[in-house]
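Trainee: Build the full structure now, drawing on both the sequences and the hints.
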Amino acid sequence: MSNVTHYLPVLKNPLLLRSPWSRLQKRFLGRPTSFPDYFQNPIFRKEDQAKLIENSELSKLAAVPVRPPAVYETSSVYHDPLVNKVINHVMEMGKKKLARELVEKAFENIKRKQIERYHLASSPEEKAKIILDPKTVLHRAIANSKPLLQLSPIKRGGITYQVPGPITEKRSLFLAIKWLLEATNEKDRTIHFPEQFARELLDAASNTGKVVKRKQDLHRQCEANRAYAHYRWQ
Amino acid sequence: MALCFSVKHLFPISKCYVKNIILNNVCKYTSKNVPTTNHALDNMTDWETLSKKKKISKAMKAYLERAKEHDEFMKKQEFEYKIGKRHLANMMGEDPETFTQKDVDRAIEYLFPSGIYDPAARPLMKPPEEVFPARKAAEFDEAGRPHHFLFYTGKPNFFKLLHDGAEHIQQAYNFEDKVIRKKAVPDPNGELNIDNSIWLTKEQLEQVLVESITDLEYDNFKLLMERLISLPYAYRHKEFIEKYRKPLVTQRFALEIPKPSYDDEGRAFVTTYECLRKKARGDVTIRVPGTGKITINGKDLTYFEDVQPREQVMFPLFFTNMQDRVDVECNIEGGGPSGQSGAIRWGIAWGLRSFVDKDMLEKMQVAGLLTRDHRRRERKKPGQPGARKKPTWKRR
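Protein chains in written order, with the working numbering: chain A, 1 to 234; chain B, 1 to 396.
These aren't lab readings, by the way, just hints derived from the structure by calculation. Don't take every hint at face value.
Dumping the calculated DSS-like pairs for lysine-lysine here, alpha-carbon to alpha-carbon at most 27 Å [as the list claims (entries may be wrong)]:
1) LYS96/A to LYS279/B
2) LYS97/A to LYS170/A
3) LYS187/A to LYS135/A
4) LYS246/B to LYS60/A
5) LYS380/B to LYS95/A
6) LYS60/A to LYS222/B
7) LYS60/A to LYS238/B
8) LYS95/A to LYS222/B
9) LYS389/B to LYS96/A
10) LYS278/B to LYS96/A
11) LYS129/A to LYS113/A
12) LYS95/A to LYS293/B
13) LYS202/B to LYS136/B
14) LYS97/A to LYS85/A
15) LYS299/B to LYS96/A
16) LYS278/B to LYS97/A
17) LYS293/B to LYS46/A
18) LYS95/A to LYS381/B
19) LYS278/B to LYS95/A
20) LYS299/B to LYS95/A
21) LYS95/A to LYS279/B
22) LYS135/A to LYS105/A
23) LYS358/B to LYS46/A
24) LYS96/A to LYS380/B
25) LYS213/A to LYS129/A
26) LYS358/B to LYS60/A
27) LYS222/B to LYS85/A
28) LYS293/B to LYS97/A
29) LYS105/A to LYS146/A
30) LYS85/A to LYS95/A
31) LYS299/B to LYS97/A
32) LYS60/A to LYS243/B
33) LYS389/B to LYS97/A
34) LYS85/A to LYS389/B
35) LYS381/B to LYS279/B
Mentor: Right under this line is the structure:
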C-alpha cells in the first residue's frame, strides 16, 4: 500500500504550476454569471414564431443555442414589452411587485373611467370613439408623447448653443415615459399614484395635457433654434 | 533548474523520489560524450544524426539541449502517468488494461472528494500531453538560419495566418472582378454555412498556433476573417475559414427523450429530477392525461403569492397548449419565488418533451424554454463593495 501512495503524485493542481507553460492553461469557471455571446435571444411570442414558420427559418434557428427567457417574459397574450418597460420605470429600489400593482391599478382606473364615459355617451359614433382597452390607451399615450427632435448643448466660441437634432427611437421612448411619470408625480399628496397616472395617460392618449404640451414646447424651441442647426457638424 | 523547480511543485508528496530521478537525469545530460544506448525517444527526434554534424550554431545547440530535456521530461511524465493509472485501477478493483481516462476521472473524484468552488482547482490526473501544452520544433537549421520566412516577426505562425487570410481576400476580389467582367451571376449553390459555428477563442487559437498572442492581435484576426466571410465568393475559401471555426454544441433537446412510465391508474408520467435555477432545486412530475391540476409542495398554484412566478410556471403549459391536458406535481426547495418558479418552468418544459411532437420541440427550443439557466449569483470580490461595484472615487 505504501508503494501505491508513493506513485500517486501524478495528481496535480494546475493553479500551483509555476512553470512557463502554466500560462497557456485555460481556467474553467464553474458557474458563469452570464451567457456567452453566441447564444441567440429567444423568440417566444406566438406571432413572432408564426412569422418564423412562414419564412421557414424555425428549424435553422433551432440548431443554435438560445438564451432562456427572462423571469418577466412569457408567451401569454397579456404579456406586453412596453407595459414591462413602464413597470420598470415606475419601480423604485427594486420593488417590482409594488410597481406592477401600481400600474395595474392605474389600468383598472382607466378601464372604470372609460366604461363610465362609454355608458354616458349618447350616440353610437361617440361610443365607437372611446378606447376601452387600457393597454391601447397606454400605447397611444406613449406614441403621442414621443418627441421627434431634441436639443443638445454645443459649445462654440465660448457660447453654448442649444442645437436641434434628430433623436433616436430609444431615447424618444425614454423621454416619453419619463415625462409621463414626472407629470404624474407633480400631484397633491392626497391623490394616489394610480389615479393621477390614469389621468395623465388618458390626457396624453387624447393628445392633450401636460406631457403633450411639453413635447410641443420642445418642438417649438427646436424650430426657433433652427438657425443653429449647422453647429451640429461645423 | 526551472524544470526542477516546477517538477518539485508538481509532486509535493514524493519529493525525495523525484529529486533522485532528476539528479540522475541531469548527470546523464551533462555527460554528452557518452552515447545513450537505450533511447526510447528516437522516434521523436533523430539525435544521433543531429549531434554528429560538426558545425552547429550556438542557438541550435541550446535548442537541442532544451528539446532533449523536454522530451526526457515528457517521457518520464508519461511513464509515471501510466503507473499511476495502473495503481488507481488496482485500488478501485478494476482491470488496469481496460482502465480509461473516464474511469481515472471518476476514481479521482471518489478518492479525493473536493468542495472547491472552481473546478480548475480540484485534484486531477490527466495524460501529460494535456497538462503540458505542445512546444514548437526547431525553427532554424544547424547553421542557425531560420526555416520560416516570417521568423523574425517573433510570431511566425500568427503572421502567416494573417498573410494567408489577406491572400484569400485578394483572390476573392479577383474572382469577383472576373465574374463581373463576364456578366455572370453568383452560384446560388455555393453558400457558406457558418450559423452553427463560432470563431476559435483566443486560447484555442493560441493552442492551434502554438504561440501566445495579445488581445489586439486576436481582434485583428477576427477582423480579417469577418472581412473574408462578408465577401460574396467567400464560399470558395470554405476550407480555410472552417479551419478557424469551432462548431457549436449539438442539440441536446431532441436526444435522449425519456419514454414515459405508467402508474397504477394507467396514466403516463415522466419525472424530471435536478431542476435547478439560482439556489432552488426540485423535481417535476408530469402526468398525462390530466386536467391541468398543478401541485407545488402540496399546495396549488397559490403557493406563489405574486403573479410573476405564477406566470412563469404556466409559461411552458400555455406555450404548448397543454394547460388542461396534463397534471403537474413539483417538490421544490431553496431559493426565492423567482428561482423556484424558474426551476419549475424548466422542469415542466423538459418533461413535456415526451408528450409533444417534433415541431413543437423546435418551437420550444427557439423560445429558449429548453435551455437550462445555469447562471448563479456572482461572488463578492475583496477590496470592493460588491461583485462588480467599486468604491466611490476620491481624490484623496
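Trainee: Hints first: check each against the structure and report whether it holds.
Mentor: Tested hints:
A threshold of 27 Å between alpha carbons decides the hint, and for LYS96/A with LYS279/B the separation of about 20 Å falls inside it, so the pair holds. Distance restraint check for LYS97/A and LYS170/A: the Cα-Cα separation of roughly 25 Å lies within the 27 Å cut-off, and the hinted pair is therefore satisfied. The straight-line distance between the Cα atoms of LYS187/A and LYS135/A is roughly 23 Å, inside the 27 Å bound, and the hint therefore holds. Our distance criterion of 27 Å between C-alpha atoms is met by LYS246/B and LYS60/A, whose separation comes to about 18 Å.
Between LYS380/B and LYS95/A the CA atoms are separated by roughly 23 Å; this keeps the pair inside 27 Å, and the hint holds. Note on LYS60/A and LYS222/B: the hinted pairing holds, with a Cα-Cα distance of about 24 Å set against a maximum of 27 Å. Taking the CA atoms of LYS60/A and LYS238/B, the gap is about 20 Å. The hint holds against a cut of 27 Å. Taken as a hint, the LYS95/A and LYS222/B pair is broken in the structure, with Cα atoms around 43 Å apart against an allowance of 27 Å.
For the given pair, LYS389/B sits about 22 Å from LYS96/A by alpha-carbon distance, which is consistent with the 27 Å threshold. Distance hint between LYS278/B and LYS96/A is fulfilled; the C-alpha atoms sit about 19 Å from each other, no more than 27 Å. For the hint linking LYS129/A to LYS113/A, the alpha-carbon distance of about 14 Å falls within 27 Å, and the restraint holds. With a CA separation close to 31 Å, the supplied pair LYS95/A and LYS293/B exceeds the 27 Å bound.
For a cut-off of 27 Å, the pair hint linking LYS202/B to LYS136/B stands: about 18 Å separates their Cα positions. Distance hint between LYS97/A and LYS85/A is fulfilled; the C-alpha atoms sit about 14 Å from each other, no more than 27 Å. For the hint linking LYS299/B to LYS96/A, the alpha-carbon distance of about 25 Å falls within 27 Å, and the restraint holds. In summary, the hint linking LYS278/B to LYS97/A is supported, as the alpha carbons are separated by about 19 Å, within the 27 Å threshold.
Only pairs whose Cα atoms come within 27 Å are accepted, and LYS293/B paired with LYS46/A is accepted, the gap being roughly 24 Å. At roughly 26 Å between alpha-carbon atoms, LYS95/A and LYS381/B fall within 27 Å of each other, so this suggested pair holds. Taking the CA atoms of LYS278/B and LYS95/A, the gap is about 19 Å. The hint holds against a cut of 27 Å. Using a Cα cut-off of 27 Å, the hinted pair LYS299/B and LYS95/A holds, with the two alpha carbons roughly 26 Å apart.
Under the criterion of a C-alpha separation no larger than 27 Å, the hint pairing LYS95/A with LYS279/B is consistent with the structure, at around 21 Å. Only pairs whose Cα atoms come within 27 Å are accepted, and LYS135/A paired with LYS105/A is accepted, the gap being roughly 12 Å. The straight-line distance between the Cα atoms of LYS358/B and LYS46/A is roughly 17 Å, inside the 27 Å bound, and the hint therefore holds. With a C-alpha separation of about 24 Å, the suggested pairing of LYS96/A with LYS380/B holds against the 27 Å cut-off.
Pair hint LYS213/A plus LYS129/A holds up; C-alpha atoms about 23 Å apart against a cutoff of 27 Å. Our distance criterion of 27 Å between C-alpha atoms is met by LYS358/B and LYS60/A, whose separation comes to about 14 Å. Restraint check: the Cα-Cα separation between LYS222/B and LYS85/A comes to about 35 Å, which exceeds 27 Å; the hinted pair is violated. Simply put, LYS293/B and LYS97/A have alpha-carbon atoms about 26 Å apart, close enough for the 27 Å limit, and the pair holds.
Restraint check for LYS105/A and LYS146/A: the C-alpha separation of about 24 Å stays at or below 27 Å, so the hint holds. Among the hinted pairs, LYS85/A with LYS95/A is consistent with the structure: their alpha-carbon atoms are about 14 Å apart, no more than 27 Å. The suggested pairing of LYS299/B with LYS97/A holds, with an alpha-carbon distance near 22 Å, which does not exceed 27 Å. The hinted pair formed by LYS60/A and LYS243/B meets the criterion: a straight-line CA distance of about 22 Å does not exceed 27 Å.
At roughly 25 Å between alpha-carbon atoms, LYS389/B and LYS97/A fall within 27 Å of each other, so this suggested pair holds. Simply put, LYS85/A and LYS389/B have alpha-carbon atoms about 25 Å apart, close enough for the 27 Å limit, and the pair holds. Straight-line distance between C-alpha atoms of LYS381/B and LYS279/B comes to about 20 Å, which keeps the hinted pair within the 27 Å bound.
Violation of the numbered hints given earlier is confined to hints 8, 12, 27; the remaining hints are satisfied by the structure.
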